[in-house]
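Trainee: For reference, the chains in residue letters:
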Amino acid sequence: MIVAEQKPLEEIEGLIAEARKVLVVGCGTCVTVCFAGGEKESGILASCLRMASKIDGAAKDVTHITIQRQCEWEYIDAIAEQIGEAQVVLSLGCGVGVQALAERYPQAWVVPGLNTAFMGLPTEQGVWEERCAACGSCILGLTGGICPIARCAKQLLNGPCGGSQDGECEIGRGTPCAWQLIYDRLKAQDRLHLLLEIQPAKNWSSSRDGGPRKITREDLRLAAETSE
Amino acid sequence: MSEGALQIVAFCCHYCAYAAADLAGVLRLHYPAEAKIVEIPCTGRLDMLEVLHAFEGGADGVMVAGCLEGDCHFRTGNLNARRRVERTQAVLASIGLEAGRIQMFNMSSAMGKRFAEAAQSMTEEIRALGPSPLRSAVDGRAEILSEQGVAENAQGPAT
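Residue numbers (the working numbering), protein chains in the order written: chain A, 1 to 228; chain B, 1 to 159.
Each hint should be verified, as a subset may be incorrect.
Here are the simulated EDC-like pairs of lysine to aspartate or glutamate, each with C-alpha atoms no more than 16 Å apart in a straight line [to be verified]: (1) 36/B with 50/B; (2) 154/A with 184/A; (3) 21/A with 81/A; (4) 54/A with 5/A; (5) 54/A with 56/B; (6) 113/B with 22/B; (7) 154/A with 168/A; (8) 40/A with 81/A; (9) 40/A with 50/B; (10) 36/B with 98/B; (11) 40/A with 47/B; (12) 54/A with 98/B.
To be clear about the criterion: a stretch of chain B counts as covered by chain A if any three or more of its residues have a C-beta under 8 Å from a C-beta of chain A, and this derived list gives those stretches [claimed, not checked]: (13) 50-58; (14) 93-105.
Keep in mind that the hints were calculated from the coordinates and are not lab data. Bear in mind that the values here come from a model prediction, so they are computed numbers and not experimental data. No residue lacks a Cβ here, since even glycine has one placed at the ideal position from N, Cα and C.
Let's have the full structure, built from the sequences with the hints guiding it.
Mentor: Structure, rendered in structure tokens:
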């Protein structure tokens, strides 16, 4: 899932400073399960903004609504009326959600309430870790299901490097060395021979280096209606 | 609303503090009338949104009273609640309210005196902080409703 965290309240207050009527839009998917921008968090943020603005002497009318997915037109279209009434739309979706709202409602001023962090998973309740960098060319089949692109600080394809000490990456912060993890897993599965093959330099054109990415599936596209 | 009429919402665990408040009553122990008790099944049920709504609705303070640490009926509900209270304190500070307006207390169901003391100490601390700055806005709304002939806490038609 996409993992995000809420911006500091002070920054959000700055983003909505000029508006009196604010609509907080939550998203019911990734940011709900990482407790950053779901129904509950939208309600809490709306309540905080109402109270903070009252204390500051310029009470704002802050309401909130949560849609199942901010990244699909069908759900976004359902809140056209609420968006139209707001002077500022504060999206608690990921960066995709913010842009989808702004794209669907070009007349609306849409600002982000979250910092979108990474694609990852909760390793325990309350802890999220990055697992995928969306490089567009998956090599997990060679590395025992452990991604060196997302989890190695240097994104090495033939690791580990000299900064790996006792299984920990030199960047510290308790970050495990991805290549130590890969080695340990391949050894446990008696597949160390996979490491004997030197991986050539990665073609990054499928990643961000190739510019914004797009996937088109002609078989899924809806045929244009023909009129007789 | 005068300063003497502070509103303190006390979220009390069914298994300890709520029973302790009951015991305080049975023992005829005095505790401040400012504390308004809300029974919850466990302090682990405490929801920050409800706490914020209490403040938004004009509460001057919120006390959360759960079981003694290690004695939670649901094992760790009171420990989770303590962390939520700490997070809520940080949120209150960020919006301009004093963090001390919400506090956590622990007691068993046999500690009626402890409940009375906790309610007393919370009330004194909130009195020292003064009424919530949000109260004037809430009171303003109450006055408007009053002028319109709407009772904010109407219990239905008088018989």
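Trainee: Taking the earlier hints as the rules, which of them does this structure contradict?
Mentor: Hints 2, 4, 8, 10 are the ones this structure does not satisfy, whereas the remaining hints hold.
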